[in-house]
Structures are given as structure tokens and as C-alpha cells.
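**Q** Join these two chains into a complex; the hints should help.
Taken in order, these protein sequences are the chains called A and B.
Taking the numbering used here, I'd label the letters of the first sequence as residues 1 to 139.
Taking the numbering used here, I'd label the letters of the second sequence as residues 1 to 80.
By construction, these hints were calculated from the structure, which means they are not laboratory data.
Don't take each hint at face value.
As a list, the in silico DSS-like pairs of lysine-lysine whose alpha-carbon atoms are at most 30 Å apart [claimed, not checked]: (1) Lys117(A) <-> Lys44(A); (2) Lys62(A) <-> Lys34(B); (3) Lys63(A) <-> Lys125(A); (4) Lys63(A) <-> Lys12(B); (5) Lys4(B) <-> Lys63(A).
Partial selection, computed: residues in chain B whose CB lies under 10 Å from chain A [what the hints assert, rightly or not]: (6) Ile10; (7) Ala11; (8) Lys12; (9) Tyr50; (10) Met51; (11) Ala72; (12) Gly80.
C-beta atoms are modelled at their ideal positions from N, C-alpha and C, and glycine is treated no differently.
Okay, here's what each chain looks like letter by letter:
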Amino acid sequence: MITDIQIFDTALQIQSAINWIMSPESGGIDVFIGTVRNATKGKKVIRLEFEAYEPMALAEMKKIAQVAFDKWPVQKVLVHHRTGVLEVGEVPVIIAVSAAHRAAAFDACRYIIDTLKQTVPIWKKEIFEDGEVWVAAHP
Amino acid sequence: MKIKILAFGIAKDIFGSTSVNLEMANDATVYNLKYLLEQEYPRLKQLASYMVAVNNEYALPGDNLHERDEIAIIPPVSGG
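Just chain B, same shape as in the assembly (with noise of 0.2 Å):
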């Protein structure tokens, strides 16, 4: 399947986009994703942390991504 990855904050300087499209098995999840943008993205590994959501809410690693699936890297948050 297809996914398109949307990013924000830092994430953005490091894909050089707003958005990142990935080719990923079916049955891929949340920790899959993590392993191959890191290994495209090296300079994910060094911020702080970053948390990925799906479908405007925060996903944890086994969770299963589908194709039509709104998906964003989260890298640490700065509000207020």
C-alpha cells in the first residue's frame, strides 16, 4: 500500500517537505513506519522523541496503519 506521511515542526526541515510518500506491506504498523523513516531520515533518531498519529490521534507501535489512514509525525511539542 501507498501512505502518505504529513509533517510538522522540525519534521518538516527533515523530509525538506510538508508531506512523504511511502510504499509499505499491508499489514505494516506504527513501529514499521518508525524503522524505515529512520533509515531514510537519519536525523529523526536525534530529537528528543517523536510520536506518530493517525487519524488525529497519538498511535502506539503495534497499532496498524491502512492506506487511507491521515498519518503524521509528531516530532516534540511547543505550545503555550
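With the rest of the complex left out, here is chain A (with noise of 0.2 Å):
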């Protein structure tokens, strides 16, 4: 299991996270970017805020890898998520798979940022023009 798991609190490095990712074994490559919208349900979002437990972020990072490497015949697994204020355009997060064939990069991507939304504890605070809010925090 080759992976790159890591928390940033500084820009995240797409070019480098693509050189990381990309061998000669591996036919199909993909990448996911996640990016700061400028709206939620119609309202103006002025910025992001993100916060990590890191230690057990981490792990439940390494947990979601370990399931895809099981799951899929993949070559390697990147995540790199971001922490901190983040504007309009920024990037919090970058997950890249690769494999020789394309079906299996593709599933395990979405799986990995699928389960991450789901169980890696890192939160999302979003600041609106009249306040902010915890995102998913209430029903």
C-alpha cells in the first residue's frame, strides 16, 4: 500500500500531487479537487473555515486507503486535505488514485472522498455576509 496521507495548513500543491501519483505501471490516473464554492442554497459565501482532529483524522484517513487498496486493485492513494481560513477558489482537499485501468481509479476516488465526508473528523465553518455556521452540525 503506497500512500500520501497528509494535513496541511498551508496551500495544497496540485502539480505535485499529480508528479506523486503518476507512474509508468499506472494506465488510469484520477484526480479529485475539491474547491471553495462561492454560494450555499443561493447564499453568498464569503469564506471557508476548516478544522482538524488531526491525529484521528489521520487515522481515519489511513482506514479509508486500507479499504480501497482492499477493495480495488489500485497502485497508490493520495489525500491531502487543508485546515485554516480558505477563500472562494481555494482548494481544501485533493485525493488522486491510480491504477493500471481506468474503472478502478475512478471507483476508489469516489469511494475516498465519498467516506472522508462521512468519517475523517474535520469540520467546515461557513462565513455568509450576516454570520456563519458549523456545516451538517444541526438537522
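**A** This is how it looks when you write it as C-alpha cells:
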């Protein structure tokens, strides 16, 4: 299992993530880049703030990567997540997966981002012009 | 025993602090902890859900707590 799983408090580097995931054995590279959107339900978002429970977040991300390797024939997995204050257009998360063939790369990449959003202890606060809210906190 | 509970996200706002200390029985469980916290911080009950993590793992209600455990309140996550 070859992984690069990290949490950064500085800007994520898309090109170096892609350079790391590429290899001669990999016929398919799938890269998911999450970016900060300028609105939620029609309301203008000024910025986002991300907070992580770092040791547990890293442990949970490693578990997700392990499951991806168990379920699909993938070669490398990269998960980079950002914390701190992010402006619209900035990148909170990069998931990159390499495999010999594209199907495994697509499936594993989708599984990793979907599961990350359910189980990894990272929280996002949306800052609007007239207030702020912790995403998903209330029903 | 005296335990320390870490708070993140909205739990930090509810506690008004990044951690709180509680005095609990030596055989206390996660269930006991949630009950006690909800008495003291009723806003916890308004959350969509919340989990307790013990030593960086999600814990079950029946799991026992120990004085040196790293205990954290995990409100609904929203990464990515």
C-alpha cells in the first residue's frame, strides 16, 4: 500500500500531487479536487474555515485508503486536506488514485472522497455576509 | 477519576472552550459521559448527532473510559 496522506495548514499543491501519483505502471490516474464554492443554497459564501482533529483525522484517512486497496486493484493513493481559512476558489482537498486501468481509479477515488465526508473528523464553518454556520451540525 | 474531553467544531462553541474536565466514576462508560455532558450542555442534544472518540477511535456507548484516555467529542463532520 503506497500512500501519501497529510493535513496541511498551507495551500495544497495540485501539480506535485499529480507528479507523485503518476507512474509507468499506472494506466489510469483519477484526481478529485475539492474547491471552495461561492454560494450555499443561494447564499453568498465569503470564506470557509476548516478545523481538524489531526491525529484521528489522519488515522481515519489511512483506514479509508486501506479499504480502497482491499476493494480495488489500485497502486497509489494520495489524500491531502487543508485546514484554516480558505477563500472562494481555494482547494480544501485533493484525492488522487492510480491504477493499471481506469475503472478501479474512478471507483476508489469516489469511494475515498464520499467516505472522507462521512467519517473523517474535519469540520467546516461557512462564513456569510450576515453570520456563520458549522456545516451539517444541525438537522 | 478526572477526565479531560477535547472539543472541536460546534462542540467547542457549546463548551465555550477547546476542552472541559469532568469528574466521573472509575467504571464510567461513553453512555455515562454523554448523559452527564447533555445535563451540563443541553445544546448538545440539538445537534444532528455526535460521537465520542477514545484514543483516536470512534467509541461505542458501552465502552469504558479510563483516566489517561484521550477523549473527544466529534460533532457531525463536514470535511472535503
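**Q** Holds or violated: Ile10(B) as interface residue toward chain A, Cβ cutoff 10 Å?
**A** This hint holds: Ile10(B) lies near chain A, its Cβ roughly 4 Å from the closest one there, short of 10 Å.
**Q** Identify whether the interface hint at Lys12(B) stands, where standing means a beta carbon of chain A within less than 10 Å of its own.
**A** Check passed: Cβ of Lys12(B) comes within 8 Å of chain A, closer than 10 Å.
**Q** Given the hinted pair Lys63(A) and Lys12(B), is their Cα-Cα distance within 30 Å?
**A** 26 Å, holds
**Q** With the threshold set at 30 Å, check whether the alpha-carbon distance from Lys62(A) to Lys34(B) stays at or below it.
**A** 28 Å, holds
**Q** Is the Cα-Cα distance between Lys63(A) and Lys125(A) 30 Å or less?
**A** Holds - the C-alpha atoms of Lys125(A) and Lys63(A) are around 25 Å apart, at most 30 Å.
**Q** With a cut-off of 30 Å on the C-alpha distance, tell me whether Lys117(A) and Lys44(A) pass.
**A** 22 Å, holds
**Q** Does Met51(B) pass the interface check with chain A, least Cβ-Cβ distance below 10 Å?
**A** At about 9 Å, which falls below the 10 Å cut-off, the nearest Cβ of chain A leaves the hint on Met51(B) intact, so it holds.
**Q** Let me know if the C-beta of Ala11(B) comes in closer than 10 Å to any C-beta of chain A, holds or violated.
**A** 9 Å, holds
**Q** How about Tyr50(B): closest beta carbon in chain A under 10 Å, or not?
**A** 9 Å, holds
**Q** Given the proposed pairing of Lys4(B) with Lys63(A), does the C-alpha separation stay at or below 30 Å?
**A** 26 Å, holds
**Q** Holds or violated: is there a CB of chain A closer than 10 Å to the CB of Ala72(B)?
**A** This interface hint holds because 6 Å falls under the 10 Å limit.
**Q** Given Gly80(B) as an interface hint, is the shortest Cβ-Cβ distance to chain A below 10 Å?
**A** Check passed: Cβ of Gly80(B) comes within 4 Å of chain A, closer than 10 Å.
Every hint, counting from the list given before, is met by this structure.
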